[in-house]
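Asks: So you can see what is in the structure, the chains are spelled out below.
There are 4 protein chains.
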Amino acid sequence: MVKLYKLPIRIYYEDTDAGGIVYYANYLKFAERARTEFVRSLGFEQREDLESDDKFGFIVRRAELEYLKPSRLDDLIEISCEVEDVKGATVEACQIVSCNGEERVKIKVTLVYISLAKMRPQRVPEKMVEKLWEYKREVL
Amino acid sequence: MVKLYKLPIRIYYEDTDAGGIVYYANYLKFAERARTEFVRSLGFEQREDLESDDKFGFIVRRAELEYLKPSRLDDLIEISCEVEDVKGATVEACQIVSCNGEERVKIKVTLVYISLAKMRPQRVPEKMVEKLWEYKREVL
Amino acid sequence: MVKLYKLPIRIYYEDTDAGGIVYYANYLKFAERARTEFVRSLGFEQREDLESDDKFGFIVRRAELEYLKPSRLDDLIEISCEVEDVKGATVEACQIVSCNGEERVKIKVTLVYISLAKMRPQRVPEKMVEKLWEYKREVL
Amino acid sequence: MVKLYKLPIRIYYEDTDAGGIVYYANYLKFAERARTEFVRSLGFEQREDLESDDKFGFIVRRAELEYLKPSRLDDLIEISCEVEDVKGATVEACQIVSCNGEERVKIKVTLVYISLAKMRPQRVPEKMVEKLWEYKREVL
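Chains as they are written, first to last, in our numbering: chain A, -6 to 133; chain B, -6 to 133; chain C, -6 to 133; chain D, -6 to 133.
Chain A extracted, bound-state conformation (with noise of 0.2 Å):
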């Protein structure tokens, strides 16, 4: 049985453009927002990090996107988190953009763990990475 995170996101106008369907680049915010949510669900608040004296934060090394269908105005989408791996710095998410059952946009993401004052990569945080195994063997 498959427990995969997923947010339910509306498509305003804010969101379209004059071709009548969702910009592109703008898959990409959506995946930064289930992200987040997924994160904050399982008890971390990014702001925490960006607000310690040494500023952390995920910042994308790597994105990957196939649009497959466009959405339109009004639509409510979903879009899923599902970390695939964790490995020093390093977290590999897959995020499907969904609607109505039918895939929308396929995204893969490589993030990376970061000291933003001094652009270096740091290892996940211990717990982070625990809980997001935790979640994944629940998943399994």
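Read the hints as simulated data drawn from the structure, not as lab findings. One should not assume that every hint holds.
Which copy is meant is left open, so a pair is good if it fits within one copy or across any two.
Below, computed lysine-lysine pairings styled on BS3-like, alpha-carbon distance capped at 25 Å [to be verified]:
1. K111 - K(-1)
2. K(-4) - K48
3. K99 - K111
4. K62 - K101
Chain A is already provided as a structure; the job is to place chains B, C and D on it using the hints.
Replies: Quick look at chains B, C and D alone, frame taken from chain A:
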């Protein structure tokens, strides 16, 4: 007893800027989300209008924003939507952004219902006007 | 003879929405681009302020937008920046968006120079005030 | 001798986030600006396509971004646009974001020319294909 429509909105990285606070233009996005959800809660979907032959929709004719306090990453703000007047093609609304009871931004907008094809004002549909007043009466 | 600062801006897909016109919040982005380039043309870089120990910067205290005509994909608009007053920490500016001589949007903004660390108003640096008035005198 | 299309882009507050760097989704906006200006430099305006009866346009089918170095407020970046292949309805392009000779982001996009009304692929117009190859030959 006041029944005021309010939409909760979470602040994500996409909403902030290098000053560490929510970028000032984004409150107009939040305001439109709240107006859209308010009108949806009354039973209206913008997309039907947009996809009709003549393409109808609200455009903003005037907006006034007073920025009282900044918002930051992870804040869970609320934004209200109160229609103050409806006359012909014009709707006046007042929207307050708040967080934990603290007022953050006050927004006043004047909307005009138009045919997007002709860019010409059209009376706000009677059914919507009725619903708006009905809601207002309940509020007072 | 008037010497009015103007920044040309091209309208891209990212700026438009499903209504086929520029999304209303984006004019505040254009307005800030014009203010930034105007101040840069006078010899000031915002980043220096932002990276100083105390992190300084302008925040917008008030904005008023009057939307007269819509803009569309590929339009080459112009946006002006005219400082109307500088007092203490406060700057009043008027900005007009136009295209081929047609006025599109009128924007009035009140800016406050603050310490971002303390979120407290600071006198606009004397050197900047001088440059602003100098520019204004040349205009009149 | 290489003649590579490059568009200079200034980084404004709107482009940055609370981490102090350019928000990752915005590079897709920059990429589209560069593609648009490149195609405009060859004599094509997207709006004509969009306003034609059948509403044509390019949509992105796939995008791949590799984030090498962050960009910051006030940076004057450059983004290139190099068409790698054109086949039927599909265009493959490579775009590099750089600043002072330092590579910041590498982007690969697959575009499909479609009828937006029917959301169906259409051969890229012959005139555009010719111009694209002509430009490429000059590059090599």
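Asks: Would you mind marking each hint as holding or not holding in the structure?
Replies: So, going through the hints one by one against the coordinates:
no.: 1; hint: K111 - K(-1); verdict: neither (33 Å within a copy, 30 Å between copies)
no.: 2; hint: K(-4) - K48; verdict: neither (32 Å within a copy, 41 Å between copies)
no.: 3; hint: K99 - K111; verdict: between (32 Å within a copy, 22 Å between copies)
no.: 4; hint: K62 - K101; verdict: both (17 Å within a copy, 19 Å between copies)
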